[in-house]
Amino acid sequence: MPWKIQIAAVVLHGALLSAAVPNCPAGLPVGNVQLQIQSVAGDSPRPLRGINRVQEGDELLYAPVIRGRDKREGEVAMVLVPASASKREEENLVVLDPKPAQKPARWKVPFGASLVVYVYGPDGLNAGKVKRFLSRDHEFISQLADYAERTAQTEALLQALATPDEMGAGENLNAALQGFASNYGISNKLDRNAPMDQQTMALFRNLNPALSAYDPISPQGGRRLSQTTGLATTVAAMFLGNPVGLAAGGAAMGLNLKTLLFPNTEFRSSFAQPISSGGVTLCGKREPSQGRTRMAYLWALRIPDSGPPEVAVAGANHIPLRLKTPVQVKVADAQWKILDRAHDWALIDGDGKAIPVGVRPLTDKRALEVDLTRAEIPPGSYGLKAGWDWDSLTVDGEIFVHALSAFEHAKLSADSHDRLIHHSGKQVVELEGEDFQFVEKVALTRSGDKYDAPVAVPFSLPLGQRKGPQQWLEMEVDTTPLDPGRYSLLLTQQDGRSYPVQVQVLPEPPKIVNLPLRVNQGEKEQTVAIRGEGLDRLASIEADGVKLELKKASADGRTREARVELPDEARKGDTLDLQLGVRDYARPIALDGGLAVVGPRPGIAGSRLSLPDGMEIALRPNELPAGIFAATLLRVRNTNAATAVRLNCASAASDGLKVSVGEESATAKLQAMGAGSLYLSFDPGAWPNGCRLMATLENPEEGLSEPYELGRVVRLPRIEGFRLTDEPAGNGDYVGVLTGRDLETIERTGWNTENGSPVPGLPAAMAGGGQKQSLKIRMPWPSPAPHAPLYVWLRGERQGRATTSRY
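So that you can map any letter, position 458 of the sequence shown is 458 in the working numbering, and since no number is skipped, the others follow by simple counting.
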């Protein structure tokens with residue numbers, strides 16, 4: 001142990017005070033005193049208990065703290081041990097003159113002292129005798145040094161346990177234990193998962209090895225640790241109740257003092273607790289002493305012989321308002337051990353104003369914990385300063401104070417928002433819009449789902465925690481298990497509160513399968529078809545210099561059209577990038593080369609239809625008889641060898657029949673007939689009756705022409721025979737009989753286009769005739785002329801059609 005230490009030891013004879021002082025857990029108070037020191041410069045006195053130097057010319061001040069009519073009999077004296085080795089060679093200690101214990105007293109310090117012993121004798125003191133006894137054993141000084149260190153630590157533990165704060169009892173107690181262990185560098189001795197009583201025992205045994213066999217919670221002792229006050233009482237009882245006192249240097253301290261100093265005196269350990277008057281209460285054992293044995297109480301306090309330590313901020317120096325925050329500092333090991341003796345800590349603003357704050361060293365972190373829980377202080381830059389006896393201690397470096405963010409404006413960056421797609425794996429995303437430097441934990445939970453447990457999200461800050469304002473925070477979110485919907489990112493800061501930031505997990509963006517979209521040169525306005533998935537979620541489609549307007553999507557979101565207006569300067573071969581605006585996406589989705597300008601669209605300028613002669617039933621204009629091949633010569637433009645013709649009904653959803661140039665099948669044939677002409681033959685029977693048959697040209701590059709109507713498909717009956725019978729049908733009509741095929745299409749019959757009689761029934765199949773039918777009809781008699789032609793009305797028609805059948 002280094003010799004350059006200072007210890008104040010107070011030995012008190014004790015008539016116990018009649019009034020109990022509440023801050024003595026276990027045992028009773030044995031005396032209230034004020035022990036102070038005044039500097040040689042005449043500065044205001046400071047408590048001896050917190051002084052760092054006792055120098056030549058200083059004055060030791062004593063004052064009894066007496067309640068009511070109590071008296072303090074006898075005398076008090078001070079014993080000083082020199083601090084310098086050379087002085088100790090001349091004289092190892094000096095006993096200052098005894099003074100009456102009932103009155104305040106003061107002594108001038110003749111030299112720098114390393115030990116001050118305060119002696120109280122109820123029957124007076126013999127200074128020479130005290131000096132002779134103390135001078136006999138040089139080991140006594142080192143024992144007092146050990147005892148002083150252990151006593152100071154025990155007092156600190158008691159103070160930590162007994163000091164109330166705003167936390168609950170359990171939190172307060174746990175914080176006290178953890179803080180004390182950190183401050184005295186014995187955190188490695190503490191199992192934070194163990195019960196609090198066991199943690200306290202571990203701490204106290206490390207402070208007082210002689211008590212390692214003592215169990216404060218044994219059934220015999222009957223002690224139970226249920227709250228902070230009880231725990232403090234137990235610790236105090238452990239200190240006071242040991243029969244041999246505090247061990248020092250392997251020998252029993254109490255027994256040595258008893259032998260050296262005070263024959264017939266029982267030594268009892270004591271400790272000090274501060275009182276409101278600025279003095280201290282010395283607490284001692286409750287049990288009475290044996291007859292004719294005087295009692296003595298020892299209170300020891302270690303004080304370093306040192307000036308202010310050199311301290312500099314060495315780590316993160318940005319702290320939040322209204323919280324306790326550790327600030328790492330750089331300080332020499334020897335000076336670190338005494339840094340907790342600084343007093344009256346304050347933050348110093350730019351105008352030099354001092355704002356008092358709480359500060360305590362944290363040994364395991366090599367940091368100063370700055371307590372702003374009660375400080376009224378605006379955000380800003382501050383210096384840190386403390387008192388050191390009558391001097392000052394200035395910490396080199398600045399401390400920046402900030403208000404904690406409420407994250408009201410925090411949001412995902414636009415790029416990050418659009419990367420948060422469901423089932424897309426791990427995505428690195430960023431929050432922006434606030435100061436995130438105090439965030440300590442991030443978790444993700446589904447909004448509105450009270451059963452969804454938050455999942456921890458790994459994150460990082462660009463500079464690190466508490467290293468200055470940081471306007472973005474990077475995270476890695478695993479979207480594999482996430483469904484589309486709204487979620488909350490829970491940001492936990494140093495205050496322990498969780499602040500929600502709303503985010504959205506997106507469905508996959510729409511897919512377009514027919515890229516590039518082709519538009520034709522030379523058309524001011526045209527419509528382009530879009531095919532894919534999720535097209536109903538497209539909000540807009542854009543391309544530089546092009547006007548595009550989306551039309552309504554199909555019910556399944558797989559098809560959609562867009563109206564396109566190309567600029568006049570658009571030329572074949574141009575490609576343009578598309579920008580797709582998607583619902584719930586922050587930014588448009590870029591499709592490079594998504595729009596291509598191709599050559600002019602193919603077109604059909606006209607058609608010349610050719611039908612067989614000698615049709616049994618007259619055709620009307622633009623009718624295409626089913627079952628009979630029709631031929632047409634198409635006048636076309638912008639066609640090539642790869643052109644094809646699509647045939648389908650105007651109302652059909654399917655693509656119908658497609659035939660390419662040079663192709664011939666059982667239902668259609670298409671041949672090029674020179675520039676601008678295509679010959680097409682086909683059977684209209686491939687389409688239903690009444691179909692408006694449309695022809696559309698298709699080029700692989702230039703796309704589809706506008707549909708061109710070739711005609712309306714009509715299914716005509718085939719009349720193979722007609723005869724009139726002499727069977728009356730009423731009203732002057734007679735029964736006629738038609739034979740042929742598809743006769744069910746006939747609704748009425750007559751001798752002209754205006755007047756017809758309804759067919760009385762359906763046709764009947766003819767035996768052995770395969771598809772042949774016979775149909776009874778009603779015909780007026782007589783006919784308008786010999787061999788008059790038969791007229792028939794197809795179902796749904798208003799005028800009759802002439803046939804080649806005659807009577």
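Hints listed in this document are in silico derivations from the structure and should not be mistaken for laboratory results. Accuracy of the hints is not assured; some may be wrong.
[Stated by the list, open to error] Distance ranges between label pairs, derived from CB positions:
1. Glu663 / Gln504: 48 to 54 Å
2. Ser540 / Leu323: 43 to 49 Å
3. Gln504 / Arg571: 38 to 44 Å
4. Glu525 / Glu754: 18 to 24 Å
5. Glu664 / Leu611: 28 to 34 Å
6. Met615 / Glu561: 37 to 43 Å
7. Arg571 / Gly796: 48 to 54 Å
8. Asn622 / Ala596: 34 to 40 Å
9. Thr373 / Ala332: 27 to 33 Å
[Claimed, not checked] Computed list of lysine-lysine pairs in DSS-like fashion (alpha-carbon distance at most 30 Å, straight line):
10. Lys426 / Lys441
11. Lys658 / Lys669
12. Lys385 / Lys411
13. Lys658 / Lys511
14. Lys441 / Lys511
15. Lys524 / Lys547
16. Lys330 / Lys441
17. Lys426 / Lys411
18. Lys572 / Lys551
19. Lys572 / Lys658
20. Lys385 / Lys552
21. Lys353 / Lys324
22. Lys467 / Lys426
23. Lys108 / Lys87
24. Lys411 / Lys365
25. Lys385 / Lys330
26. Lys467 / Lys511
27. Lys441 / Lys324
28. Lys411 / Lys467
29. Lys365 / Lys524
30. Lys441 / Lys467
31. Lys411 / Lys441
32. Lys330 / Lys353
33. Lys71 / Lys87
Quick reminder that beta carbons are idealized off the backbone N, C-alpha and C, glycines included.
Each hint tested on the structure:
| no. | hint | verdict |
| --- | --- | --- |
| 1 | Glu663 / Gln504: 48 to 54 Å | holds (52 Å) |
| 2 | Ser540 / Leu323: 43 to 49 Å | holds (48 Å) |
| 3 | Gln504 / Arg571: 38 to 44 Å | holds (42 Å) |
| 4 | Glu525 / Glu754: 18 to 24 Å | violated (47 Å) |
| 5 | Glu664 / Leu611: 28 to 34 Å | violated (20 Å) |
| 6 | Met615 / Glu561: 37 to 43 Å | holds (41 Å) |
| 7 | Arg571 / Gly796: 48 to 54 Å | holds (51 Å) |
| 8 | Asn622 / Ala596: 34 to 40 Å | holds (37 Å) |
| 9 | Thr373 / Ala332: 27 to 33 Å | holds (30 Å) |
| 10 | Lys426 / Lys441 | holds (18 Å) |
| 11 | Lys658 / Lys669 | holds (10 Å) |
| 12 | Lys385 / Lys411 | violated (39 Å) |
| 13 | Lys658 / Lys511 | holds (27 Å) |
| 14 | Lys441 / Lys511 | violated (37 Å) |
| 15 | Lys524 / Lys547 | holds (10 Å) |
| 16 | Lys330 / Lys441 | holds (28 Å) |
| 17 | Lys426 / Lys411 | holds (19 Å) |
| 18 | Lys572 / Lys551 | holds (25 Å) |
| 19 | Lys572 / Lys658 | holds (26 Å) |
| 20 | Lys385 / Lys552 | violated (71 Å) |
| 21 | Lys353 / Lys324 | holds (21 Å) |
| 22 | Lys467 / Lys426 | holds (28 Å) |
| 23 | Lys108 / Lys87 | holds (17 Å) |
| 24 | Lys411 / Lys365 | violated (34 Å) |
| 25 | Lys385 / Lys330 | holds (15 Å) |
| 26 | Lys467 / Lys511 | violated (44 Å) |
| 27 | Lys441 / Lys324 | holds (18 Å) |
| 28 | Lys411 / Lys467 | holds (22 Å) |
| 29 | Lys365 / Lys524 | violated (74 Å) |
| 30 | Lys441 / Lys467 | holds (16 Å) |
| 31 | Lys411 / Lys441 | holds (17 Å) |
| 32 | Lys330 / Lys353 | holds (25 Å) |
| 33 | Lys71 / Lys87 | violated (38 Å) |
Comparing the model with each numbered hint stated earlier shows that hints 4, 5, 12, 14, 20, 24, 26, 29, 33 do not hold.
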